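**Student:** Per this note's numbering, the very first residue in the sequence shown carries number 1; after that it's consecutive.
Since the hints were derived computationally from the structure, they do not count as laboratory data. A portion of the hints provided could be inaccurate.
[Claimed, not checked] Quick list of simulated restraints, FRET-style, between CB atoms: (1) A28 / D7: 28 to 36 Å; (2) L39 / D7: 18 to 26 Å; (3) D10 / D30: 17 to 25 Å; (4) D10 / L39: 27 to 35 Å; (5) D30 / D5: 31 to 39 Å.
On a predicted model such as this, the values are computed, not experimentally measured, just so you know. Just so it is clear, CB atoms sit at the ideal spot from N, CA and C, and this is done for glycine as well.
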Amino acid sequence: MIVADVDDADDADVLKMVGAIAWAAQNAPDSSAQADRLLALFMNGLRR
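Work out the full structure, taking the sequences as your base and the hints as a guide.
**Tutor:** What follows is the structure in structure tokens.
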């Protein structure tokens, strides 16, 4: 398993991840709620 250090993330990584979250949630019945959950998971990971 590859574990990336959050300190290595750059602006492009964050933008790609936010785009991926939007793409993943776009067709879900509760797309807004799912996007919120995924974004919260992502942001909590960045804080560590």
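**Student:** Of the hints given before, which are not true for this structure?
**Tutor:** When the structure is compared with the hints, numbers 3, 4 turn out to be violated.
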